[in-house]
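There are 2 protein chains.
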Amino acid sequence: MMAASPLNFEVVAREGEARSAILTTRRGVIETPVFMPVGTAGTVKGIRFEELESPDLDARIILGNTYHLWLRPGIETIRALGGLHKFIGWERAMLTDSGGFQVWSLGALRKITEEGTEFRSHVDGSLCFLSPEISMEVQSVLGAEIAMAFDECAPGEATHEEARRSMELTLHWAKRSKQAHVAQIANLRKRDAETGETQTNNSRDSQALFGIIQGASHLDLRRESLERTVEIEFDGYAIGGLSVGEEKQVMMEVIEETAPRMPAEKPRYLMGVGTPEDLIDAVARGIDMFDCVLPTRNGRNGQAFTSHGKLNIKNARYAADEKPVDEACHCSVCRRHSRAFIRHLYQSGEMLASMLLTHHNLAFFLDTMKRVRQAIRSDQFANFRREYTEQLNSGLES
Amino acid sequence: MMAASPLNFEVVAREGEARSAILTTRRGVIETPVFMPVGTAGTVKGIRFEELESPDLDARIILGNTYHLWLRPGIETIRALGGLHKFIGWERAMLTDSGGFQVWSLGALRKITEEGTEFRSHVDGSLCFLSPEISMEVQSVLGAEIAMAFDECAPGEATHEEARRSMELTLHWAKRSKQAHVAQIANLRKRDAETGETQTNNSRDSQALFGIIQGASHLDLRRESLERTVEIEFDGYAIGGLSVGEEKQVMMEVIEETAPRMPAEKPRYLMGVGTPEDLIDAVARGIDMFDCVLPTRNGRNGQAFTSHGKLNIKNARYAADEKPVDEACHCSVCRRHSRAFIRHLYQSGEMLASMLLTHHNLAFFLDTMKRVRQAIRSDQFANFRREYTEQLNSGLES
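If you read the protein sequences in the order shown, they are chains A and B.
Oh and the first sequence: position 311 is 294 in this note's numbering, straight run, nothing missing.
Oh and the second sequence: position 270 is 253 in this note's numbering, straight run, nothing missing.
Next comes chain A alone, as it looks inside the complex:
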């Protein structure tokens, strides 16, 4: 009854530490390095799925937040409706986080013990409890192609002692996550065998599980976390606990210390990072997968990412500017609309402002990753990186 590995990961090109791979899931092929738009509550905010699938964006995988979906609409609803893909109407691949980071970021509202995390729901204030076992069960029902181990995150400025305590807890939870995940899949397969049915339509019996490396800014802890997480054996590995208040230089040191040591034959995922420049810098250090709310959240707040850096559409200088958001961009927004129009929409409080900037920003992030892949495959990544970064820092001419 052994199924094939839930993911197939084949590195097809390398340049220095940078690499490009083909990640094959039950729901389609993903070329890496890849950026995953964040679909918190079952929707990538401000954009329709048809646009995510359109050639402009062609997002092959999106992220769902276990914490949000667990609280609302609730796991029984999603179970009854056949899993997350079917519930939201998305047929391509998904990854769900474990809820660990989301609960951690509630701050004073949560209490962490070895057993798990107790917290108050941001939806209705009720007392909730999340543990590795519960997270695995919820993620199994959600049915994404990739689930994440339940972890704890230490703050960026955590002391060595705090970071070690947090890392040990994460390792403990990683083992429990793995055990629960293995048991779940065995149960699903047993049930399938008994009933002659199959639960594979939502990937539940072939879900991959990634482990998460913690250790805050302490490089020795990061190395230890990596080694001991790899011993547990996951289908891929993530670097967690970055972009949580530490200096950018510290973040890059951690990535540089950790990423090249991560198993070469498995996907390497940097969680919650970052700006276009961060992505390129992390690719150069060996990262394959990214997710970040920046393109969507900043888009809603009137900020566009362009090939010449950030553009704040609220700025009065754009009031009569006929140019597109980014003159180098070929997305449907830049092909059709001017900065002046989008600024007008933003100033008028029109939803379309958020919709257009979200579309452009995602197109920009996804196009950047496409160019990164092409560069690595043609052994031009170092050149591409230099030129891209120079242009990014040159500022908008007008």
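One should not assume that every hint holds.
If several chains are the same, the list does not tell them apart, and a pair holds so long as it fits within one copy or across any two.
Claimed, not checked - In silico BS3-like links for lysine-lysine, alpha-carbon gap of 30 angstroms or less:
#1 Lys231 - Lys297
#2 Lys306 - Lys69
#3 Lys28 - Lys173
#4 Lys297 - Lys28
#5 Lys69 - Lys293
#6 Lys353 - Lys249
#7 Lys69 - Lys297
#8 Lys69 - Lys28
#9 Lys28 - Lys293
#10 Lys28 - Lys306
#11 Lys353 - Lys293
#12 Lys297 - Lys161
#13 Lys249 - Lys173
What the hints contain is simulated information worked out from the structure, not anything from laboratory work.
Given the coordinates of chain A, work out where chain B should sit on it, guided by the hints.
Below, chain B without anything else, positioned relative to chain A:
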């Protein structure tokens, strides 16, 4: 230097008072009866232009609000950017209202004199003044294919005396609107002749102007308003001042009294009306054109229009309902998403809820009008109307 008539209007089928026509503008052919989505501030709220153009909706003409665009971004900005079509990126036909109704609906914030209307801007509180001449100038800069005469609206419950005073003012303003419009076009043509240039790219020198019939619920005033408005000679005629608080039966009496008497060879436009049933009932009385905020505004508020009547997506009964919003609808939203998902989005405050319901509602309104046209052309409108209305009133089975 006489240009051809700015609009060509050819009735191609009749059934009773109902009729279907081909309205040809410089920016495309419009089959009537037609519904115009409302694009208040240069955007049909919550939907991208690409969707308006998609086969689901195929909106051939949208409405822009002179009042809103005049105040923000301001007419100088739109002039500098080459007119409304170019500013917003919409190449199909447009109609602009005159600002009269919008200013009227400010209520206590405005003061109406024979010269025009003084009011406080809802944007910055500044004192503004709108008159027939100013409205014509602003609409000329906006450059829609169809402009509307500047009118005053009387409340639904206006007495005969109030309604007469309002009607006389509207007739006075109609003459001034016509004069200003004729003078403007002559000026544009003179300038074109002198400079060898042409302003036709934004339809300014071939803009059509519609007159507006007022008279509140008083049928004698409506007939008088109609006769005297027709004497001024417009390219089309509208019934204004309905759906402003009067009973539905009163509204239908006014339409029934007025529409069949309106010039048969010109478009007849019912302003600001209404529900799908209202549209069908007005078509049966001879109306060709409609605009209304219901599909967009109600969509944003969680209400869907369906072939079995209205559906409130907030209702708990839809929490696990796998059916589409309307099982008879073929729009991209109904093909893909369940009531349960859209309800979840609405409850979570997600923008996508508004976006999806707006798309569906507009698809429903525009599809209804398409079916109306097909029915009239195959002499089946009476049957269609009966069946459509019966189904509409049968309620949602589940």
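Hints the structure fails to honour: 3, 12
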